[in-house]
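Engineer: As they're listed, the protein sequences go chains F and X.
Numbering of the first sequence is given in my numbering, commencing with residue 238 and proceeding in unit increments.
Numbering of the second sequence is given in my numbering, commencing with residue 129 and proceeding in unit increments.
Do not rely on the hints blindly, as some may be mistaken.
[Said to hold, decoys possible] Dumping the calculated SDA-like pairs for lysine to any residue here, alpha-carbon to alpha-carbon at most 25 Å:
1. X:Lys310 to F:Lys315
2. F:Lys452 to X:Tyr138
3. F:Lys315 to X:Leu240
4. F:Lys451 to X:Gly171
5. F:Lys452 to X:Ile298
6. F:Lys315 to X:Val251
7. X:Lys310 to F:Pro459
8. F:Lys451 to F:Lys473
9. F:Lys437 to F:Lys452
10. F:Lys451 to X:Tyr138
11. X:Lys310 to F:Ile296
12. F:Lys473 to X:Pro302
13. F:Lys473 to X:Leu308
14. F:Lys350 to X:Gln274
15. F:Lys437 to X:Arg306
16. F:Lys452 to X:Lys241
17. F:Lys451 to X:Val251
18. F:Lys452 to X:Val294
19. F:Lys315 to X:Val294
20. X:Lys241 to F:Val461
21. F:Lys350 to X:Arg306
22. F:Lys452 to X:Leu240
23. F:Lys314 to X:Gly307
24. X:Lys310 to F:Lys314
25. F:Lys314 to F:Val342
[Unchecked claim] Only part of the chain X face toward chain F is listed, based on derived beta-carbon distances under 8 Å:
26. Met161
27. Leu240
28. Ala243
29. Ile267
30. Ala270
31. Ile312
Keep in mind the hints are simulated off the structure, nothing from the lab.
We treat Cβ as the ideally placed atom computed from N, Cα and C, and that holds for glycine.
What follows is each chain in one-letter form.
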Amino acid sequence: MSSRDIILEEKKYSRGYLFYVVEDSPVLKLNPLSKLYSLIIMSILAFLIFDHSLLFILIIITITLFFISRIPLYMIKKFILALSGMALGFFLVNTLFTHIDGEIVYIDFYVFKIPYTNYGWHIYITDATLRWAGLIFLRTMILVWISLWFLVVTRDTDIIYALRRIGLPRSAAFAFALSLRSVSMFYDDFVTVVEAMKSKGVNFSEGGLVSRLKKYGRAMFPLVLLALRRIEEFTKAIESRGFSIKCNRRILYRKYSISKLDFLFFITFTALFIIMLDLSNIIDLLSILFLWWRI
Amino acid sequence: MSGGKEAIPYTTRIVTVGVTGGLIAVLAAFGVMAFPIVPGVAGIYPAIAFIVAFGAWFGVWAAIAAYIGCFIGAGIVGGVPLAINIYWSLADFWEALIPAIGFKVFKADPELKTARDWIIFIVFGVILGNLIGGLWGSITLAWPIQFIAWETVFVPTFVAWFLGNVVVTIVVSPILLRGLSKHIKRSMAYTEGLV
């Protein structure tokens, strides 16, 4: 029986970078280049668009991608909460530290001021400040959500394939994919080590900043030693299989084809890019006309 | 057996980059999610302690790992656009490369046994690395492509970046270097020179 005749038993779930996704998810059938293309388009759009309503539409599109991909909400709940909290933190920092002149001034006072100078912490919140901080919040939400989606629906072999196709050297593609793969391994190890130390009586929430940092520093010893062991194991495994990292030949274990779904994805995201940029320009033009009319 | 100079073991080096890059990414993601300042920047960045220690152990390979770790953990997770992330993540590259240059070029012992080793660690690992990395990371978020407002570049971004990193590096990196250098030196991943 040749290796081609081996039929693997069907699985219900497939392992992505972060966790398992249902096997019949349509996104898993996509070519990795299509997923990378959609990630790049959304990233560029989030960055070029300055209109809040259009950014909000992009968030809805990203959420729709999660639903289409059939990613269970309970799996990503933890990530969504952490990433939304982070975006809210950016909103607060930008509100408290950015000074943009606006039509309405909400808050204008010095928290502290160095005597005889104009230096200090000056909180100056206007309608324009809030718009700017809101823009940062929405952009962050789009960028982190689309990245999360990409990591959930992508496997390590997909990443190597996509990076090789866009011209990255094999060693760079391999190192990047291995880093991504190591993220989930070290995340699990980190949780295990911290829990083990807690069970031995170490209290990480006790003491000042320096004392806590020292505790975390010592907790990291096993992680570094695990990393060392993995480096040796991976190196031996790679060398024993005769896999050359320096080799430039394109050898693929998995075959990737371009399906109708890929074309649909490509056309949809290209159209989205054009429409969004056009809409953004139209909204800018309308804003200028509105200002001109008011003057 | 030839007595010539041994070739660089690329497989080990690339695997070292991949594995340590993953470890840095986890700690970077933890930092930006737990202590957010602006996209990609954390008030307390635990990864920096490892970046400096890895620089002392693995030389230029640690710098590449730091770049990848920052790209994934702080850039992608922290919400930095891909186009900016490509050059912005070099901040962590400098933060590993500068201590690597200090330790490898001036032949300091990563176990920090002498006063000279400590001086090199403080000058290259704590001050220079964080200063250059902090400036790079703060300025490139606003220039050449503006992603954050200029008012937030130096205060709070640079101040939080530099001071936070200095505290973490001074407290945690010596624990790692003194406690683990002996083991690392015996492993195949340890790099004698810069490369």
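Engineer: Broken hints, numbered, in rising order?
Structural biologist: 1, 2, 3, 6, 8, 10, 11, 12, 14, 19, 21, 23, 24, 25, 27, 28, 29 and 30
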